[in-house]
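S.K.: Keeping their order, the protein sequence lines are chains L and B.
Counting from 11, one number per residue, gives the positions in the first sequence under the working numbering.
Counting from 44, one number per residue, gives the positions in the second sequence under the working numbering.
Be a bit skeptical, because a hint or two may be false.
Said to hold, decoys possible - Output of the computed footprint for chain L on chain B, the stretches with three or more beta carbons under 8 Å from beta carbons of chain L:
(1) 130-140
(2) 145-156
(3) 312-321
Worth flagging that the hints you see were computed from the coordinates, not collected in a lab.
As the structure is a computational prediction, the values presented were derived from the model and not from experiment.
All C-beta atoms in this analysis are idealised placements derived from N, C-alpha and C, irrespective of residue type, glycine included.
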Amino acid sequence: MADLTQLLLNGLSIGAVYALFALGYTLVFSVLGVINFAHGAVFTLGAYFTYLLIGGAVGANGLLAGLQLPLALPFWLALPLAGLAAAAVALVIERIAFRPLRDQGADPLLALITSLGAGVVLVNLIQLLVGAESYAIPTTALAGLPPAIRLLGAQVRTVQLLLLLVAAALLAVLSLWIDGSRSGKALRAVAEDPTTAQLLGIPSGRMIQIAFGLSGFLAGIAGGLVGLSVSIAGPYFGIGYGLKGLGVLVLGGLGSVPGAVLGGLIIGIAEACVPAELSGYRDVVAYGFLFVVLLVRPQGLLGRVLPTKV
Amino acid sequence: MVDATLLTQMVIGALLGLSVYLPLRCGQLSLATPGFYAIGGTLAALLSTRVNALGGSEPSYPISSLLLEMALAGALCGVLASGIGAVVLRLRGVYLAIATIALVEILRVTMLNQEALGGAVGIFGIPQPFDDPADYALFTLGLLAVICWLCDRLERNRLGRAMAAIRDDELAAACQGIDTERSKLVAFVLSAVVAGLTGVISAHFLNSWNARLGNFDASITTLAFVVFGGSRTWAGPVLGGLVLTALPELLRPIGDLRLIVFGLVILVGPLLLPQGLINPALIGLVTQRRR
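For reference, chain L alone in the conformation it holds in the complex (with noise of 0.2 Å):
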């Protein structure tokens, strides 16, 4: 029993970081159909705005090498921080990378590719900066939690427990707006048909922008949330991430969010249930079930058929 606990808190705190990544895509490409590349280079910054604003110093590599913000903030308060500013980062790729694309009505093909730019430049900007070293942010961060603590029976890190608590509050405060509010619905509209939204008087270009902050946002604080739990391993250590989040969101389905939340969760269990002995191929399982799921069901597990249009 405690074996089977513990092997399900740790699917389902790998597999909450899954859903908030895929869930970032999810809002992207529901309102504009593309797959926003520059996904993971967020997903590192937030972690690395995470590790500066707790106080943590840079290493001897960067430009920026020794410094360290006059400020050392609780980890409770560094981390908002951090996803607000990962959102604005969000915002700038949008800027940059999307919105002149969709200004001339180009191949929207293009965008994966200027968003791969923005995040080539971001992930080679980090390095540059602050080095190719991999940082950790102490646990000590969390002042006044113990280490672990035991959970029926199991040896649980409250680190784990904390990103499956946060990741489950922004999922349901994410869902409970997109459903139920009335900037939610309008969300909803732009990604049904962003014309049709405009005629219909809603701003398509600002629910474009909420969609990107609120994607930086989650990137953010996913980032932070891992940078905790496991480390930074440097500046290319969102790449990995991003590409399973992909398969996370094929599995639940594209442009669907609780089928973002479901695909993490299966695959984040799927992956810690892989015996010690075969943890080469840990990283086989998310492509795995993305392949399956594409081949068998390509609309996802909760994803819906649209006809094919003249």
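Position chain B relative to chain L; hints supplied.
M.R.: For chain B alone, kept in the frame of chain L given last:
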């Protein structure tokens, strides 16, 4: 400024660009090129280092063995691609792109974990068919010329025009009696063969091979070649591959900033030239002059 080694790298870039271009010619965004490139490279690395009959222990690796490896890699990639293509080409647009990304990642992780396929360390000491980098450059240029010629033939014949029709409107093309499934599959298989052949040369040229050479980054760089150069005709990806491979090397003097500049080029390129460098307007201009 451009020496034989860099020239070879540039030509390899152009070949990979052509491999991404072929499916795009019928409107299919496949990012599987690095996967087949890795299959070709791994096959060449294994054959030339493990099979003594090919002449790996001789002072200079026989060209005939190199050609044999290329034939085998081409055949293997072609067969694999016709099987995989029959399944994945049912997907469209961004779904196809994601499925092929997954394919590349599955291949990469498998190669990384299978010691027999090189594992995490890779395969070293791949024998050299050419002593002089200039010979590598000549050989790859020869291959590029042949493939460009074939692409040019393709673009002018019935199949190539069918592909262009599918790119412009798949439904309309199907209504005119074009076998869209078959045309897309042929493009996918050709793309895989070109990538496999390039992998073979690349493995010998690089002297060592590891699974990281066929990763997601490679999908993106090769796609950037096509977007930057343009996807209307074969000259686009060739130009894109040559220029974008050379760019990071030529930017080496600015050191750490070079990858940032590279990213900016990918970011700004499509904004300024949505159709790529070799775009319809330019093609129209050139053909008009000729008349």
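S.K.: According to a criterion of three or more residues whose C-beta lies within less than 8 Å of a C-beta of chain L, is the segment 145-156 of chain B covered?
M.R.: holds (count 8)
S.K.: Count the residues of the segment 130-140 of chain B with a beta-carbon closer than 8 Å to any beta-carbon of chain L: does the count reach three?
M.R.: holds (count 8)
S.K.: Are 3 or more residues of the segment 312-321 of chain B near chain L, judged by a Cβ distance of less than 8 Å?
M.R.: holds (count 4)
Of the numbered hints stated above, none is contradicted by the structure.
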